Structures are given as structure tokens and as C-alpha cells.
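A.B. asks: Here's the letter readout for the chains.
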Amino acid sequence: KNQVEQSPQSLIILEGKNCTLQCNYTVSPFSNLRWYKQDTGRGPVSLTIMTFSENTKSNGRYTATLDADTKQSSLHITASQLSDSASYICVVSPMQRGSYIPTFGRGTSLIVHP
Amino acid sequence: DAGVTQSPTHLIKTRGQHVTLRCSPISGHKSVSWYQQVLGQGPQFIFQYYEKEERGRGNFPDRFSARQFPNYSSELNVNALLLGDSALYLCASSLGDQRSYEQYFGPGTRLTVT
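Chains A and B, in that order, give the protein sequences. Residue 67 in this note's numbering sits at position 64 of the first sequence, with consecutive numbering throughout. Residue 897 in this note's numbering sits at position 30 of the second sequence, with consecutive numbering throughout.
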């Protein structure tokens with residue numbers, strides 16, 4: 004069964020600090036791995052997309068890394084801001100012909116305090 | 868340019884009733900996917916439609932059905948509602964098959980079953 008496990012479940016940091024969120028997956032082979040930011044009560048917004056051949060992707064203060072050998076990805080947030088408070092979700096899409104079922108992690112809830 | 872829109876925003880139904888949720892994709896997008904997100908968890912894939920054909924189906928009972936119209940808008944139907952169907956229902960659109968294209972999520976429909 005394809006699984007995506009995220010850690011930590013929740014994280015509290017002070018404004019201006021950096022943090023790293025983890026994603027371990029069993030989906031293999033996979034087409035791409037995505038990180039989303041989801042504000043409470045809103046739809047997810049894409050942060051980064053990486054194919055299996057990429058090992059890093061940046062989007063402003065967000066940097067995602069991918070190690071396909073260990074099946075791990077991380078999302079690093081630099082110089083956190085209050086607006087970074089949200090849930091961060093890792094999604095892995097399988098590489099298979101025909102139907103397509105992406106696997107979502109449960110998310111890491113990040114709270115940034117002033 | 869309008870993003871993905873969903874209606875209604877909120878909905879309250881009683882057990883056993885039927886519900887229809889609607890989604891309008893971003894103009895030019897031909898793929899629509901539906902997700903169920905229970906409070907505190909990541910979204911779970913329900914359906915993907917591309918060019919009006921079902922391209923993927925998640926592990927949901929037959930009470931869940933969907934369709935895509937010629938203008939690429941979509942409806943999600945749920946029959947015989949159960950308390951466990953209470954969730955945020957998200958719609959996402961993409962230019963093509965979401966394995967290769969960026970997905971854009973709508974704000975969701977909050978369904979409460981009493």
C-alpha cells in the first residue's frame with residue numbers, strides 16, 4: 004500500500020527562525036512529489052513540484068529536497084513569517100499508466116509565533 | 868483571471884439525504900479532480916476527470932459519483948449520506964493530466980451531515 008508519512012505532526016517556532024519538515028514515502032516508482040501549503044479552511048496551494056530525477060527545488064523562502072534512494076523529502080522554510088502558519092502537505096504521485104491516484108500525507112501543522 | 872470556484876461554500880444535510888457539489892475549473896483547464904478532507908487529515912483522492920472521461924477513482928464507495936460537462940465543469944454526487952461523510956470537499960483543476968501539470972485547488976465545500 005502506498006504511504007506518505009510526515010513529521011513532525013506539529014511544530015511551533017518563533018518568527019524569523021528556520022525550520023525543516025520531513026516526508027517519507029513508499030510510493031515507487033513515482034512521477035512527482037509535491038509540497039502544498041494549506042491555510043485553515045482553504046484549499047491547498049502548491050509550493051514545489053519535483054520529478055524523481057530532481058533533488059532540490061526552491062520557491063522563495065521555501066526549499067524542497069528529494070532523496071529518491073532513501074525515499075525522503077524535506078521542506079525547509081527560511082526566516083519564517085507569521086503568515087507561514089499553516090498546514091504543509093506532501094503528495095506523491097505514482098508513475099503508472101492508466102488511472103492515477105495521488106497519495107497525500109496528513110500534513111505538518113506549523114505555528115509561527117511573534 | 869478567476870481561480871477554481873466551488874459551490875456551495877457550506878452545506879448541512881441529514882443522514883440518508885443526497886448532495887451535489889459543483890466545481891468550475893480555471894478557464895482552459897480540462898482536468899478536474901475531487902478530494903475529501905476530514906478534519907485533521909490530508910486530502911484523499913476521490914475522482915479525476917480529464918476531457919470528460921473518468922481517469923482515476925480512489926477508494927470510495929459507489930455512493931460517490933461524479934461527472935464532467937462539455938464546458939469542463941464538474942459535479943460530485945453523494946447518495947445516502949453518512950455522518951462520516953462530513954468533510955471539506957476540494958476540487959482541483961489542471962491543464963491536462965495532473966501527473967504532468969500543476970493542480971490548482973478551489974476553496975472547498977464544507978459538508979456537515981447530522
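Hint data in this document are derived by calculation from the structure and do not stem from the laboratory. Fair warning: this is a prediction, and the values are worked out from it, not measured in the lab. Note that the Cβ used here is the ideal one computed from N, Cα and C, for glycine as well. Errors might be hidden in some of the hints.
[To be verified] If you want the footprint, here are the derived chain A segments under chain B, 3+ residues with CB under 8 Å: (1) 10 to 17; (2) 44 to 54.
[Claimed, not checked] To give an idea of the chain A side of the interface with chain B (calculated C-beta under 7 Å), a few residues: (3) Cys22; (4) Leu85; (5) Ala89; (6) Ile104.
A.B. asks: Would you mind marking each hint as holding or not holding in the structure?
C.D. replies: Evaluation of the provided hints:
Coverage of the segment 10 to 17 of chain A by chain B is violated in this model, with 0 residues showing a Cβ closer than 8 Å to a Cβ of that chain against a need of three. Given a C-beta distance limit of less than 8 Å, the hint that chain B covers the segment 44 to 54 of chain A holds, as 7 residues qualify and 3 suffice. Hint status for A/Cys22 relative to chain B: violated, with the closest Cβ pair at about 19 Å, above 7 Å. A least Cβ separation of about 22 Å between A/Leu85 and chain B goes past the 7 Å threshold, and the interface hint is therefore violated.
Against a cut-off of 7 Å between C-beta atoms, the interface hint on A/Ala89 is violated, since the closest Cβ of chain B lies about 13 Å away. A distance limit of 7 Å between C-beta atoms decides the matter here; for A/Ile104 the minimum to chain B is near 5 Å, and the interface restraint holds.
The structure fails to meet hints 1, 3, 4 and 5 from the earlier list, while all remaining hints are met.
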